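Turn these sequences into a full structure, and let the hints steer you where they fit.
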Amino acid sequence: MAPPRRSRRPRTTLLLLVLAAVTIITLDARGGLDVVTSGVRSVASDAFSPVRSGVNAIVEPIGSFLAGSVHYGAVREQNQKLQAEIDQLKSQDATTADQSESLRQLSALLNLPYLGNLQSVPAQVTNFGTSNFAATIDINVGRSDGVQLSMPVVGLGGLVGLVVQVSHHTATVRLITDGQSAVGARYGPAPGSLAVLNGVGAGRPLTADLVPSNTPLTNGEVFVTSGLQDALFPAGIPVARVVSSHTGDTASQESVSLVPEADLAHLRYVSVILWAPSQ
Amino acid sequence: MTRGELARLSVVVFLFVVVQETVMLDIRIGGVHPDIMVLLPILAGIIGGPSRGASIGFTTGLVSDLFLPTQFGLSALVGCLIGFAVGLATIALDRTAWWLAPLTALGGTALYEVTYGVLGSVLGQPQMLHVALARIVIVVSVTNAVLALPAMRLVQWGMAEASTEGMPTSDAGVGAAR
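From first to last, the protein sequence lines stand for chains A and B.
Residues 1 to 279 (the numbering used here) are what the first sequence spells out, left to right.
Residues 280 to 457 (the numbering used here) are what the second sequence spells out, left to right.
Hint data in this document are derived by calculation from the structure and do not stem from the laboratory.
Hints are not guaranteed to be accurate.
To give an idea of the chain B side of the interface with chain A (calculated C-beta under 8 Å), a few residues [to be verified]:
1) 297
2) 310
3) 311
4) 334
5) 348
6) 349
7) 351
8) 394
9) 410
10) 415
On a predicted model such as this, the values are computed, not experimentally measured, just so you know.
Built from N, CA and C at the ideal position, the CB exists for glycine as well.
Written out as structure tokens, the structure is:
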């Protein structure tokens, strides 16, 4: 009797699929697939956008209804009609407060002092990151609004990030806290010394490179974009504020922690600066 | 794979994408959102065995990559590895046992997220290991374990028949059958 054997097909299939995936990743990383992948992602985003809006329009009222039901159930013995009126008034109050806050944020975005003559497009944040492994946001403006890859994005307070994907009506912004983000910055008295601010993950402070040891930094000192030639951001945008700095005994650089000037955890509206690095 | 099965699987994948991109992205537990796309290669591995688990994991991974800001192809790579591993690990188990899907979803998702972070880091994005990996693993694994049973029904409908591929065979047995 022949010994039992296992089919080799699954292993061959796996090998071929792994090779295909590694090839795709390598080509994408080297830029060989940039046109294809960004094009396909853009088409997918455009095609999916109406589906997302439609489903959200259905799901959000259901969620509101369920939340309202829980609240309503707790006071069922009370006068139902009166309670419904109170709920309605509360809802109106909340809506008005929400709209006032939106108006305040939008008005402030239209008058950001550091933008100068730079043109910008206001945008609403639609998603806080589609991946748990990257600090990104999705916004509701895209190519049709003049947005292009690598355009800077600002919010109330300062720099938010950089456009890394763009479709017809939407764009994805990599936040300055993302591990892949690096921002050229200036600090200290004019003309200022140069540093690079690196992200290390959402919700974590930024770190600064190129700050010499024993540099006198004070907590609260603001680093702004350097605007050097070929820089990714125009000059003078506030980026982050120092929260701690110290020098190790043998270190050649100051160890600096900074928090972003913009409140990245509670973004609702941002502005995309219509500015390209070559300008 | 027949045309009918392909069509049903496409519908299932589309539904998963819709739920992920609309409902799941709005749920944040400790800053982490659930990721039901990870369930597809795991459930495909349980139902279809290693080969189909790997193929479906690769394909659904590519679909996921369309909506993610990370490297294109990374989800496909991890998806095919996890689909294969789950298929292989569950070959000898009773696939009708109710606990198989939640338990495999729990372990498979944890393995998926760790592999995703490590491979992403190795393949050029070192920051992927600087995220709160433990929190991601816990949140995504537990939510996937909870959602595994209804998701299993859906994927079973999409994949017409369970596969015995990869299971031990015997020449003598084949001869006897003839």
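Checked hints:
no., hint, in the structure
1, 297, "holds, 6 Å"
2, 310, "holds, 6 Å"
3, 311, "holds, 5 Å"
4, 334, "holds, 6 Å"
5, 348, "holds, 5 Å"
6, 349, "holds, 5 Å"
7, 351, "holds, 4 Å"
8, 394, "violated, 12 Å"
9, 410, "holds, 5 Å"
10, 415, "holds, 5 Å"
Going through the hint list in order, the structure does not satisfy hint 8, though it satisfies all others.
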